[in-house]
Amino acid sequence: GQQVMQIPQYQHVQEGEDFTTYCNSSTTLSNIQWYKQRPGGHPVFLIQLVKSGEVKKQKRLTFQFGEAKKNSSLHITATQTTDVGTYFCAGGEYGNKLVFGAGTILRVKS
Amino acid sequence: DGGITQSPKYLFRKEGQNVTLSCEQNLNHDAMYWYRQDPGQGLRLIYYSQIVNDFQKGDIAEGYSVSREKKESFPLTVTSAQKNPTAFYLCASSTSRGSYEQYFGPGTRLTVT
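Protein sequences appear in the order of chains A and B. 1 is the number of the first residue of the first sequence in my numbering; add one for each residue after it. 1001 is the number of the first residue of the second sequence in my numbering; add one for each residue after it.
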């Protein structure tokens, strides 16, 4: 079945440094979604990418979908303490369910 | 105020007891899901339902049961057959089944001793 691998598992950065998490699927995806879960909270939808090679930005966050639609990345520029949490990617198969990656835990030192 | 509610936030049970977790949504969504999250791990799908009176097993359905008698409600029962029931349980819904954006409830943290 479809598998979605996410790396790194954990990253601890100094406030102001950049952060990137990567997501790879074993199969071609119809779309990729990103969610953020604050400590003690629940996952909240951030964005969905659908097109091959798509790039979307939300303030300091940049999301990319690979040309082959099998990988994706989330890049945060100049991290802030409000960025702490776990970032999940979720890959959608055509006409099928969403499969979540294991998540990347981000900690920011101020 | 639209959204998904789960209750209770914290639940404690003795081993051997069945327990039912509540999930209600007023988003008029057709599809609903139950996930389990263990510390440092991702979301694992337990059950999902596309329409009323229909539900399907996810990746880790053993020891769990669900019902979908109303569109708004999708309760999850953790049975005594579930070997490691202590976890954080998240309910979610989406417009329809498939790879659509999912809205999550606040979760129920279940502790079984």
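Quick caveat, the hints were computed from the structure, so don't treat them as lab data. Watch out, some of these pointers could steer you wrong.
[To be verified] Restricting the straight-line Cα-Cα distance to at most 27 Å, the calculated cross-link-like pairs of lysine-lysine (BS3-like) are:
| no. | chain 1 | residue 1 | chain 2 | residue 2 |
| --- | --- | --- | --- | --- |
| 1 | A | 36 | B | 1009 |
| 2 | A | 70 | B | 1057 |
| 3 | A | 36 | B | 1014 |
[To be verified] Non-contacting residues of chain A with respect to chain B, defined by C-beta distances greater than 12 Å in every case (computed):
| no. | residue |
| --- | --- |
| 4 | 6 |
| 5 | 14 |
| 6 | 18 |
| 7 | 83 |
[To be verified] Some chain B residues close to chain A (C-beta under 7 Å, calculated; not the full set):
| no. | residue |
| --- | --- |
| 8 | 1011 |
| 9 | 1038 |
| 10 | 1039 |
| 11 | 1042 |
| 12 | 1043 |
| 13 | 1104 |
| 14 | 1107 |
C-beta: ideal position from N, C-alpha, C; glycine also.
Verification of the hints:
1. 36(A) / 1009(B): holds, 20 Å
2. 70(A) / 1057(B): Holds, because 26 Å separates the two Cα atoms, which is no more than 27 Å.
3. 36(A) / 1014(B): It is violated: about 32 Å lies between the C-alpha atoms, which goes past 27 Å.
4. 6: violated, 8 Å
5. 14: At roughly 22 Å from the nearest Cβ of chain B, residue 14(A) sits farther out than 12 Å, so the non-interface label holds.
6. 18: holds, 23 Å
7. 83: holds, 19 Å
8. 1011: Since chain A brings no Cβ nearer than about 16 Å to residue 1011(B), farther than 7 Å, the hint is violated.
9. 1038: violated, 10 Å
10. 1039: Given a least distance of 10 Å, the restraint on residue 1039(B) is violated.
11. 1042: Nearest chain A Cβ about 4 Å off; hint holds.
12. 1043: Cβ of residue 1043(B) sits 4 Å from chain A, so the hint holds.
13. 1104: Where the cut-off is 7 Å and the nearest Cβ of chain A is about 4 Å from residue 1104(B), the hint holds.
14. 1107: holds, 5 Å
Taken one by one, the earlier hints fail for this structure at numbers 3, 4, 8, 9, 10, listed in ascending order.
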